[in-house]
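Visitor: Residues per chain are reported as follows:
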Amino acid sequence: MSDHGNLTNPVPAALADRRRKSSSIFDAFRPGRKGVLLPALDVPAADPEALFGALHRAEVEGEVEASEVDAIRHFTRLSQKNMSIDANLYPLGSCTMKYNPRINEELARLPGFADVHPYTPEHLSQGALELLARLEEALVALTGFARVTLQPSAGANGELTACLMIRAAHVKAGAPRKYVLVPDSAHGTNPASAHFAGYAVQELASNPRGTLDLGELEKKMTDEVAAVMITVPNTLGVFEENILEVTKIVHAKGGYVYLDGANFNAFVGKVRPADLGADAMHMNLHKTFSTPHGGGGPGSGPVGVAPALVPFLPVPTVEGADDGWRLEFDRPDSIGRMRTFYGNYGVLVRALTYILSYGNEIAEVAETSVLNANYLRKKLAPFYHLKYDAPSYHEVVFDDKLQAAKGVHNIDVAKRLMDYGFHPPTMSFPLIVPGALMIEPTESEPVEELDAFADAMIAIAKEAEESPELVTSAPHVTPVGRIDEALLAREASKPGSFAPVLRAPVRRS
Amino acid sequence: MRYIPNSPAEQAALLREVGVAAVDDLFATVPREVFRKDPPPLAPPMSEIELRRALGAMAVKNAAATCFASFLGAGLYGHHSPAFVSQLLLRGEFLTSYTPYQPEVSQGTLTAIWEFQSHIALLTGLDVANASMYEGATAFVEAVLMAERLTKKRTKVVVSRTIHPEYLATLKTYLAYLGLEVAEVAAGADGVTSAAALAAAVDETTFAVAVQSPNVFGLVEDWTVASEAAHAHGALAIGVVNEAFSLALLTPPGAAGIDIACGEAASFGVPASFGGPLIGFLSCRDAFKRQIPGRLAGRLETPDGPVFALTLSTREQHIRREKATSNICSNQGLIALMATMTLTALGKHGLRETALQCLSKSEYLKTGVKALDNGKFAVAFPGATFNEFALRCGPPVAEVLAALEKAQILGGVPFARLAPGAGEHEDLLLVATTERVRREDLDRYLDVLKGF
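So the protein lines, in turn, are chains A and B. Here this note's numbering is used: position 83 in the first sequence is 83, and no number is missing along the way. Here this note's numbering is used: position 325 in the second sequence is 325, and no number is missing along the way.
Bound conformation, chain B alone:
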């Protein structure tokens, strides 16, 4: 068979060596009544030629962002990925290795994890980051659970409703049976978390206060709103980030009193891939590192240079079992490597230049929307944004998207899609720009809006 190297003759020799007449003799302890008599109801094996045809037929039915001018964001942004990244990622030494529990033969992976942690710590302005979480929403959940462990016997987490609705939905799933309360604070009329409302929701039972910036409407929030509200009552402040490029231009959470930062780092060269695999991150102050979930690579200076290994693993499930800080085992190793490679190429200067391009293009589009004189569209909220804003549509959002699609534009994400059935903000379209869109795409976008 295709990926079984031994020939039938070699297989027969192995059977003789093992001392059985037929391979099914090795399955003798399986109850006979459940032993499958027929092959599974699947098609016959496919060759590479057939696989390319079958999967290719599915792939061409999808609108790749390479064929459209894409303004889709809402938690996942289509940034450039340097060509070398996907090439190097195919090296078998990275692709086909596993969790570096054996550091002597995993220094490559371990060094890269340590570098990923370092990038995240620098970007978020905090001391320690872990080796990765699955994606942004589960990173957020882990941050909340971590805060609960760090503040004994408190039961309430206060979250701003300007956090991505899928993050909030995920949080509720995980917290459903843990005896913890999620208190949601509505956004103000300006689309930003109200400092007064947030502070009013926090009390002595609160273990954490969480806000997101830029928030789900793309608006920049002031982290100190959360950190001051939290710290006034001995709670911890959690900062959520969807669009990690914003960290290049905005005060990092760690410099504004945030205790735990978390979110999605796929902006750093990770393909959208219909939503996964992505790359969650979590970072915190040094004092909290014993409660970090998941893997952590450490660096040890030796006379022969630095060496790296997973460390502080007494927090983890393979040692602590039900007392572990998380049940996470496999995380997003290869995707963390992808982000690390991209961040290396971007570096300090590329981060800022890219972020400035994103910002400038978004500002150009916002200015264009404000200049429209048909009275049908508006920038929904007045506050500062990074690379995404909420477009308030007079015509039904679906009609606006359909018109844009005709102009080969994926025009944005209807807010309603983030929380199906909630019936909120149905006139809002979230419009994201990255360095991949051109001025002519922006002008075409505005032309379509003018046509209404």
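Excised from the complex, chain A in its bound form:
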């Protein structure tokens, strides 16, 4: 329970309770209400019972009954229980929680984009196709790759798309090979994506600097290895200094280099990934190119590829001809479709808008994000342990080693940060840093916010020394106190734990 709820409260307990406990619309049962008014039916009413016979369903039992006002109140109140970039510095490492420009939202909502069906005839959707071509062109300019597919729905989907293309290329060359090498510092989606492309994953142990160990790579890079998946800068925020050596070693054995572009924000406009020797890279448009994270998506994960992988791109591609833009399906070596239609189009509109807004000055994004991260590193280094002290790019990974002596762990620091009005850093990885606090401020934070965040982190470090229980019992002023996720997992494992509504059992045949 939060201290917030324990404050002496002049409101009678029962009334305060009602407000606090009405947290799901399914709990507010108001028979007969509805929130949508349709025009009067202007054709004869069909009789579904007669048409469908035994397959007719009379009602969706248990569904909500709410008015428009009920809905507005409910969702507005829900929104007030969230932290967000708009209100809070949100230094979630590897997620690039930068400001989401509102012009992007406005333009993606133009009826000429938002209300266009994907099967609109090509001659009536030339602008929609042109936008795809323009975005591909811009991403080619920024990456140096031969082509970019815009179809993948998110970063992990881009990884899988690339792994499938790499596999198709090896198959075409004779044999698919068996393994994909993934550094131990990699994000969890890398090994998972390689697995779903049918590869066995071998881990590459990092060197004491936290970067790729050339000896380890040379030992494991055999002609059974299809690809190496590398993150640049890696998940420690450290640029792989030997990247050109790495790509040379992989190519010498006939393997492909896959770059995880989650951290493209650190070098966009400064370095073209293709020049590093990468054969493929996905870009998270919701990170580097500012499209909103939306509480967990939609993302978009376009993949750029070197010429060798172009034949294997998903279909359709967008091609320009004298008589306009068209979708091309006739690509015999293509891996096929990764989804319906052409990608998370609305996200693509936003990303192009963002790229055009920076244009040829986009390197300032990378420069400022790296500067801001280094500023925080400088301020926090006296108070938090830094396992790997190689130069930081867009993020810095501290850990809780100093605080753990007092029984304060990264999760506690994270929860206490909420009390100070900041979203916690990333903690679930990299796995090579136990107790990680992965901090990525991005370029869109002003200096006073960076200072306030640093001050909060420093204050928490002091609290951990002087009154650790204050930190380990945090958060204290959030809408709800610390949630027992282990208890929830046990409850969720029991049969029937996801029953939507306690009052209305779903009928079973």
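These are calculated hints, taken from the structure and not from any lab test. Just so you know, these numbers come straight off a predicted model, no measurement behind them. Treat the hints with caution; some may be incorrect.
Every beta carbon over 10 Å from chain A, so not counted as near; a handful from chain B, in silico [what the hints assert, rightly or not]: (1) A183; (2) A186; (3) T205; (4) K370.
Here are some, though not all, of the chain B residues that point toward chain A, as calculated from beta-carbon distances under 10 Å [unchecked claim]: (5) A28; (6) A43; (7) L55; (8) M58; (9) A74; (10) N374.
Within a straight-line C-alpha distance of at most 30 Å, the following computed BS3-like cross-link-like pairs (lysine-lysine) qualify [as the list claims (entries may be wrong)]: (11) K378(A) with K406(A); (12) K172(A) with K153(B); (13) K156(B) with K172(A); (14) K178(A) with K153(B); (15) K172(B) with K178(A); (16) K253(A) with K323(B); (17) K172(B) with K172(A); (18) K401(A) with K462(A).
Built from N, CA and C at the ideal position, the CB exists for glycine as well.
With the hints as your guide, set chain B onto chain A.
Guide: This is chain B only, laid out in the frame that chain A set:
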């Protein structure tokens, strides 16, 4: 720069604090030979005025469904989205938050995810739904992979060819290298999956049997055809849904023996947006929840009321890595919220009323086609449909569409467009109706057909 708040003087102060003379000193570990010497070949930065002009110029070249009477469907249907939904969705607390790994500061998002899951479970008649998949086709793939994990050491999935061709194409892409076989069962002459043919294709190596309803021709299928064929051999039954409004009027998959339901829920107020972002869903029986892909929000009752958090996450990539149930990480959070808001406003009554309007308008158009006496058009299949049917055209489909376009009508989706190069059903036009079309649009449509 535009979205960088610090002034040049503040930037210079930060550089001094960090202890470097120039910002490029921070990039010292990048090999010099790859360090870009010139700016990228892009135009100079654009202001909002220029952006509106540039993107606006592209937007006006497209036929928005607001300017045409649209009969386009084939997997994505243009339903009404309540005005408040797009307004509330712009709240920064929803728009600019991220994955709710920290539940104490994400109760808004988590509650909404739980509600989305609840709507999907109720609509599909199953016990547990996940927080969303990318879109319908990838939801279908994940359902197939899930079924494979649940039935050890089986290698074949039997799919009806009345499933949307793009879903089948996507399935083949994902399964290409996993050592699994996709056995396709052709539709009967009536356009519906043949129970006998489906049952004949299932054997002891089969881990799943999948059908779609309404199917790609808009025809209502009986889920029990799949569930009986599957269960007879210890396989699981997968039900695919493109048009989620159909669930308001038709027996839900879970009530007809389907084990895993999946598909597209964009019908609930999600704009077509040239095909994305959409909102895939996946739901299943309680016994299978440990194999669900992606995120799952759970509800915990406490003395202070219910609280919500992501749960059973040991299935997921950030913990299990290559042993995870899926590689999915970001899903469609904001779009799930959009569908949840729309479903809240629709509720039990709005769902049925809207579905009845869709059905009635489609029936009106079908009746009109049957009454045409020029002998050039026919409703292709006799079976029951919900809001879409296949129109068999005597004249080339392209000519029919061109004539309709002149009457400000987007007349439907040529079946051939769903599977380019396959050369199948080239005389079929898929015609979908929603509550957004009016009787006068339907009459105009019929008038154009009469003109042939």
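Visitor: Which hint numbers does the structure go against, in order from smallest to largest?
Guide: Violated hint (a single one): 10; every other hint is consistent with the structure.
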